[in-house]
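Residue-level listing of the chains:
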Amino acid sequence: MRHIKFLFIGILFGIVLSKAEVISWYRIYEMFKFQSFHMYGIIGSAVVIGIIIFRFFNKGLIKDYLGNKINIEPKKKGFSRNILGGIIFGLGWGLIGACPGPMFIILGRGVLTIAIAIFGGLLGVLFYHIIKHKLPH
Amino acid sequence: MDFILEPWPWYIGGPLIAFVMFLLFYFGKKFGISSNLETICALGGAGKLHDFFNLDWKKNGWNLVFILGTVIGGFIAFQYLTPEEAIALNPQTVQDLAEIGFNDAGSKYLPDELFSIDTMLTLKGFLILLGSGILVGFGARYAGGCTSGHAITGLSNLELPSLISVIGFFIGGLIMTWILLPLIF
Chain X
0 MRHIKFLFIG
10 ILFGIVLSKA
20 EVISWYRIYE
30 MFKFQSFHMY
40 GIIGSAVVIG
50 IIIFRFFNKG
60 LIKDYLGNKI
70 NIEPKKKGFS
80 RNILGGIIFG
90 LGWGLIGACP
100 GPMFIILGRG
110 VLTIAIAIFG
120 GLLGVLFYHI
130 IKHKLPH
Chain U
0 MDFILEPWPW
10 YIGGPLIAFV
20 MFLLFYFGKK
30 FGISSNLETI
40 CALGGAGKLH
50 DFFNLDWKKN
60 GWNLVFILGT
70 VIGGFIAFQY
80 LTPEEAIALN
90 PQTVQDLAEI
100 GFNDAGSKYL
110 PDELFSIDTM
120 LTLKGFLILL
130 GSGILVGFGA
140 RYAGGCTSGH
150 AITGLSNLEL
160 PSLISVIGFF
170 IGGLIMTWIL
180 LPLIF
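If you read the sequences in order, they're chains X and U.
Oh and the first sequence: position 116 is 115 in numbering that gives the first Met the number 0, straight run, nothing missing.
Oh and the second sequence: position 110 is 109 in numbering that gives the first Met the number 0, straight run, nothing missing.
No false leads were slipped in.
Simulated DEER-style distance windows between Cβ atoms: (1) Gln91(U) to His132(X): 41 to 51 Å; (2) Leu60(X) to Pro181(U): 45 to 55 Å; (3) Gly59(X) to Phe125(U): 46 to 56 Å; (4) His136(X) to Asp1(U): 48 to 58 Å; (5) Asp1(U) to Glu72(X): 37 to 47 Å; (6) Ala87(U) to His136(X): 34 to 44 Å.
Keep in mind that the hints were calculated from the coordinates and are not lab data.
The beta-carbon is built from N, C-alpha and C at its ideal position, and this holds for glycine as well.
With these hints in hand, go ahead and build the complete structure from the sequences.
Set out below in structure tokens:
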């Protein structure tokens, strides 16, 4: 029950991405065709506000709910992993029009076929960890 | 109330995504969705196949609860908050899609050409769903994050690995959209 707040944050996230049409395959296609500002506006405004929020976190002006300083864990350094992993991810994103979050939200719409893609996602994660020692990072 | 039932513009959606990220950090967590795929693998017994999955999944229990919430959110939005599911696409997009065999693009929220049960029951349709999922899962963990971890959190934190990853996301997405989709459909 101590995790119940994350259920509500998740519900909010699911509603926001549904209502802003972020989980529509058409919007992702339109974005990659550069035929609409919609998705760029969404990602861009989220990042601009995110930069401001992180400023407050890093300066200690906003603390977490327990009063501790909020530390943002840096991403692992590397070039190959980011560019190659990114391209592989992008190929899948461009095809199914959904990244991992939207896949679950689409499932909530009752589109059960997306479960195949989620299962594929689990297989992809499994493959990655099995062959990761052979990949450039 | 009418406003809630209409599609939300980018300047509502983007800031609310940032607000969700804020809430997760405020409550001592992070905004990273693709790591749930690893947790679910661990729950499914993938530890027998690779040691990595012998992780303590309880540590990520909050994130699974978050994901469960997103499913419920998708259900609520679909059932109660979206009386009109058409997407107001650029007419050029509709025309481009018609040329590769997508009829009446935007008349529904998601294309039947990918998501209908009939499509899933064809070999091609099934492989598209499965294959795209594999690419997304594999790529996200190889790159160390997906749209939430890299494009939103990482860019907000001005991280170079995230910028490189997002450039990769776009290279892959552009290759798929401009070159491969017309070949696939």
